[in-house]
Amino acid sequence: MESADANSEVENDAEMKLLRDKFRLSAISITESQAKQNGMEVSKVVVTCIADLAFKYTERVAKDLHLFAQHANRKSVNMEDVILCGHRNEHLSGLLRTVSNDLKARDPQSERKRKKETKKNEK
Amino acid sequence: MMEEVTFECDLIHSILKRFWTLRALERENFEANDAPDSELGVGTSKKNRTTSANGNALKLTCELLRVFITEAVQRAAAIAEAEGASQIEPTHLEIILPQLLLDF
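Chains A and B, in that order, are what the protein sequence lines are.
Just so it is clear: in the first sequence, position 76 is 76 by UniProt numbering, and no numbers are missing.
Just so it is clear: in the second sequence, position 34 is 34 by UniProt numbering, and no numbers are missing.
In short, the hints are calculated from the structure, not lab data.
Built from N, CA and C at the ideal position, the CB exists for glycine as well.
Treat the hints loosely; a few may be bogus.
Stated by the list, open to error - Cross-link-like lysine to aspartate or glutamate pairs, in silico, DMTMM-like; alpha carbons within 25 Å at most: (1) K36/A to E89/B; (2) K63/A to D103/B; (3) K44/A to E83/B; (4) K36/A to D103/B.
Claimed, not checked - Covered stretches of chain A, as calculated for chain B (at least 3 residues, CB under 8 Å): (5) 15-21; (6) 25-35; (7) 82-90.
Stated by the list, open to error - Heads up, incomplete: computed chain A residues facing chain B, CB under 8 Å, no partners named: (8) V42; (9) S43; (10) V46; (11) Y57; (12) T58; (13) E59; (14) S76; (15) V77; (16) M79; (17) V99; (18) N101; (19) A105.
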């Protein structure tokens, strides 16, 4: 597959290739585990395709997270940015919000910092 | 007891950092060629400070990526099952791909 110029640095980066291979292994593991849970076999082609797709999706998520944080005049990405990544699907954003609330509940120390930020972000 | 297989935070963190670093470098090169103006230079260097992510955001991102894969498999599995197949094939994935990409 031909890649646009903007992606050539990413494609040619040695460190990224290593990370991508590790990512693929994890993605394959998750895919096979999910197929099992659904009581299905999954063809090797499909497993590879999903792993590749997931990595490309990760690049998009990286770009979006950066843009969202930058838009909020922050250098550091927080959970609200990740939740925004799910804005195209209600179930997804709901799920992300639920998980983020669980994480917040488990980590009361960061809750203080977060209170300031949520007040700023609330419309 | 079902063990949930997921991405390791450290791996995802390394990947995100690498993407952010590479993009910051790209922007530096692009803007260096495009803007000889010193005022613009100050502005762009602010924007070029590499992004970082807090711990919870990373965990949530791992979950997001895991869900992406889970949805792909579950949706394709549903198609395969409806066809009476016992294995998820490329055609099943093809069918669910457009909506998957619209949803994520």
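Here's how the hints hold up against the structure:
no., hint, in the structure
1, K36/A to E89/B, "14 Å, holds"
2, K63/A to D103/B, "17 Å, holds"
3, K44/A to E83/B, "19 Å, holds"
4, K36/A to D103/B, "24 Å, holds"
5, 15-21, "holds (count 4)"
6, 25-35, "holds (count 8)"
7, 82-90, "holds (count 6)"
8, V42, "4 Å, holds"
9, S43, "5 Å, holds"
10, V46, "5 Å, holds"
11, Y57, "6 Å, holds"
12, T58, "6 Å, holds"
13, E59, "6 Å, holds"
14, S76, "5 Å, holds"
15, V77, "4 Å, holds"
16, M79, "5 Å, holds"
17, V99, "5 Å, holds"
18, N101, "11 Å, violated"
19, A105, "11 Å, violated"
Consistency with the previously given hints fails for numbers 18, 19, ordered from lowest to highest.
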